[in-house]
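A.B. asks: Take a look at the letters that make up each chain.
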Amino acid sequence: MYTQFFGNYLLANGYVTRDQLFSAMRQEADQHMKLGTLAIHAGYMNAAQVDDVVIHQTHQDNRFGELAIQLGYLTEAQVEELLKQQTPAFLSLGQVLLDEGVLTNTDFEQIIQDYRSKNGMEDEESLIERRKNIQQLFENFFSSTDAALSEKGHMFIELLFNDFIRFIGSDYTPLSVEEVTEASIACCVKQEIHGDYAINTYISMDLDTAIAFATRYVHEQFHSYDEYVQASLEDFLNLQNGLFIVNVSNTSNTELTLGAPEHITVSPIQFSGRTLHIPVLYTFGTIDFYMECVSIKE
Amino acid sequence: MRIEDTTILITDDSILARKQLKDIISTLGTPVFVEATDGQSAIDKYKEVHPDLVFLDIVMPKKDGNDAIRDIMEFDPEATIIIASSVGTQSQLKNALEAGAKDFIQKPLDKEQVLAVVKRFLEGR
Numbered sequence: 001m002y003t004q005f006f007g008n009y010l011l012a013n014g015y016v017t018r019d020q021l022f023s024a025m026r027q028e029a030d031q032h033m034k035l036g037t038l039a040i041h042a043g044y045m046n047a048a049q050v051d052d053v054v055i056h057q058t059h060q061d062n063r064f065g066e067l068a069i070q071l072g073y074l075t076e077a078q079v080e081e082l083l084k085q086q087t088p089a090f091l092s093l094g095q096v097l098l099d100e101g102v103l104t105n106t107d108f109e110q111i112i113q114d115y116r117s118k119n120g121m122e123d124e125e126s127l128i129e130r131r132k133n134i135q136q137l138f139e140n141f142f143s144s145t146d147a148a149l150s151e152k153g154h155m156f157i158e159l160l161f162n163d164f165i166r167f168i169g170s171d172y173t174p175l176s177v178e179e180v181t182e183a184s185i186a187c188c189v190k191q192e193i194h195g196d197y198a199i200n201t202y203i204s205m206d207l208d209t210a211i212a213f214a215t216r217y218v219h220e221q222f223h224s225y226d227e228y229v230q231a232s233l234e235d236f237l238n239l240q241n242g243l244f245i246v247n248v249s250n251t252s253n254t255e256l257t258l259g260a261p262e263h264i265t266v267s268p269i270q271f272s273g274r275t276l277h278i279p280v281l282y283t284f285g286t287i288d289f290y291m292e293c294v295s296i297k298e
Numbered sequence: 001m002r003i004e005d006t007t008i009l010i011t012d013d014s015i016l017a018r019k020q021l022k023d024i025i026s027t028l029g030t031p032v033f034v035e036a037t038d039g040q041s042a043i044d045k046y047k048e049v050h051p052d053l054v055f056l057d058i059v060m061p062k063k064d065g066n067d068a069i070r071d072i073m074e075f076d077p078e079a080t081i082i083i084a085s086s087v088g089t090q091s092q093l094k095n096a097l098e099a100g101a102k103d104f105i106q107k108p109l110d111k112e113q114v115l116a117v118v119k120r121f122l123e124g125r
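In order, the protein sequence lines correspond to chains G and E. With the first letter of the first sequence counted as 1, position 197 gets the number 197 in full-length UniProt numbering; the numbers rise by one all the way through. With the first letter of the second sequence counted as 1, position 13 gets the number 13 in full-length UniProt numbering; the numbers rise by one all the way through.
Any given hint might turn out to be false.
Claimed, not checked - Capping the alpha-carbon separation at 27 Å, the derived lysine-lysine pairs in DSS-like fashion look like this: (1) E:45 x E:119; (2) E:19 x E:111; (3) E:102 x G:190; (4) G:190 x E:119; (5) E:102 x E:62; (6) E:94 x E:119; (7) G:84 x E:19; (8) E:62 x E:94; (9) E:107 x E:22; (10) E:107 x E:94; (11) E:119 x E:62; (12) E:22 x E:63; (13) G:190 x E:19; (14) E:45 x E:111; (15) E:94 x G:297.
Claimed, not checked - Which stretches of chain E does chain G cover? Using the computed rule of at least three CB atoms under 8 Å from a CB of chain G, they are: (16) 3–17; (17) 28–35; (18) 53–64.
Hints listed in this document are in silico derivations from the structure and should not be mistaken for laboratory results. The model shown is predicted, which means the values in this text are computed figures rather than measured ones. We treat Cβ as the ideally placed atom computed from N, Cα and C, and that holds for glycine.
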């Protein structure tokens, strides 16, 4: 659930490059978690102790857990608990980066501590706590950018991140938001939102990314860019915007309306209003989302 | 009424949404499907084929769903129109029902909800 935000945290703080992150996210699905990583995450062992066990492993052909017990770093009960527990999604990403040598155990221990304290994550998460955490993670994500956002803008992007999880998958990282005046596009759909919060929304991606996006969105395999692939971009944008105006209507009693989604073929797009670019990095490619301000009354 | 004896007009500018609706409804049997991609062509198709059931999106080019409902109801006050839209605000729902729609399905389409609506219609005939 939190992978995308952990990835963003790593990227925003310079722990990994965009290429390292992209490569790690591609491998994440098949990742085998190591006990040392789980023990650091659980706070049962520190990085120096994990490194110590790993050094002992080079001399003795014992399992990590057995050695950690022998050395007094873990109890048997803790080993059992670690092996049984469900792994938070973001840990898999951490494991890849450790295996690739991008991070050391010491880096990882520090990052996990900082990430948890900044994002207030709990070990036992009820649904309500999880929602609060998403909110917190989201706020941290935006505090790292200079792009000022209105309350509805905030609501829009939070919903967008949730819709990406809901309809495409949680294996993404939102990169930093930036203001832009133009955008080069390949496959791009635009939809206008009218009313007191009038903005133009755009979703754009390259051809291969669009095919992979549609495959996930429709749950059918697409191999080439056809009308169904094109329609899935329209459909996703329409769904996002439809849900947004439902949310706005529920929370502020403001009624917004939508224009029909339209395909944009002329590149680059020249934006006339203030425009936020929200790049979202998936394992199958990058999705560029744009919000162009037309007229906002709040 | 049997599903095989039913003509269903599906109106949505998204080919994907039309396909999804057809796929879901087809799990009940094989009706005759007629398709339209905007409000105006929905009205034209309605007058041409007199479908038993109409699925209509709200946000469409040329003429939106609410205008299309009014025109269809004016032509045939007995028309059975179901809205399938992502814009499920209270006022949209109110407008659609006022215009004469019988039901409102919020997208993303939920298979069970679509089937329940179609079954209700078939049993009512």
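A.B. asks: Each hint should be assessed against the structure and marked as holding or not.
C.D. replies: Consistency of the hints with the structure:
Only pairs whose Cα atoms come within 27 Å are accepted, and residue 45 of chain E paired with residue 119 of chain E is accepted, the gap being roughly 23 Å. Restraint check: the Cα-Cα separation between residue 19 of chain E and residue 111 of chain E comes to about 13 Å, which is no more than 27 Å; the hinted pair holds. Annotation: proposed proximity of residue 102 of chain E to residue 190 of chain G is violated, straight-line Cα distance about 31 Å (limit 27 Å). Restraint check for residue 190 of chain G and residue 119 of chain E: the C-alpha separation of about 36 Å exceeds 27 Å, so the hint is violated.
A distance of roughly 23 Å separates the Cα atoms of residue 102 of chain E and residue 62 of chain E; the hinted pair therefore holds under the 27 Å criterion. Restraint check for residue 94 of chain E and residue 119 of chain E: the C-alpha separation of about 23 Å stays at or below 27 Å, so the hint holds. Restraint check for residue 84 of chain G and residue 19 of chain E: the C-alpha separation of about 43 Å exceeds 27 Å, so the hint is violated. Restraint check for residue 62 of chain E and residue 94 of chain E: satisfied, since their Cα atoms lie roughly 22 Å apart, inside the 27 Å limit.
For the proposed pair residue 107 of chain E and residue 22 of chain E, the alpha carbon gap of about 15 Å is at most 27 Å, so the pair holds. A distance of roughly 17 Å separates the Cα atoms of residue 107 of chain E and residue 94 of chain E; the hinted pair therefore holds under the 27 Å criterion. Simply put, residue 119 of chain E and residue 62 of chain E have alpha-carbon atoms about 31 Å apart, too far for the 27 Å limit, and the pair is violated. As the CA atoms of residue 22 of chain E and residue 63 of chain E are separated by approximately 22 Å, the hinted pair is consistent with the 27 Å bound.
About 22 Å separates the Cα atoms of residue 190 of chain G and residue 19 of chain E, which keeps this hinted pair within 27 Å; it holds. For the proposed pair residue 45 of chain E and residue 111 of chain E, the alpha carbon gap of about 25 Å is at most 27 Å, so the pair holds. For a cut-off of 27 Å, the pair hint linking residue 94 of chain E to residue 297 of chain G stands: about 25 Å separates their Cα positions. Note: the segment 3–17 of chain E has 5 residues with beta-carbon separation from chain G under 8 Å; the three-residue rule is met and the coverage holds.
Residue count for the segment 28–35 of chain E with a Cβ under 8 Å from a Cβ of chain G: 0. That is fewer than the three needed, and the coverage hint is violated. A stretch counts as covered by a chain when three or more of its residues have a beta carbon under 8 Å from one of that chain; for the segment 53–64 of chain E and chain G the count is 3, and the coverage holds.
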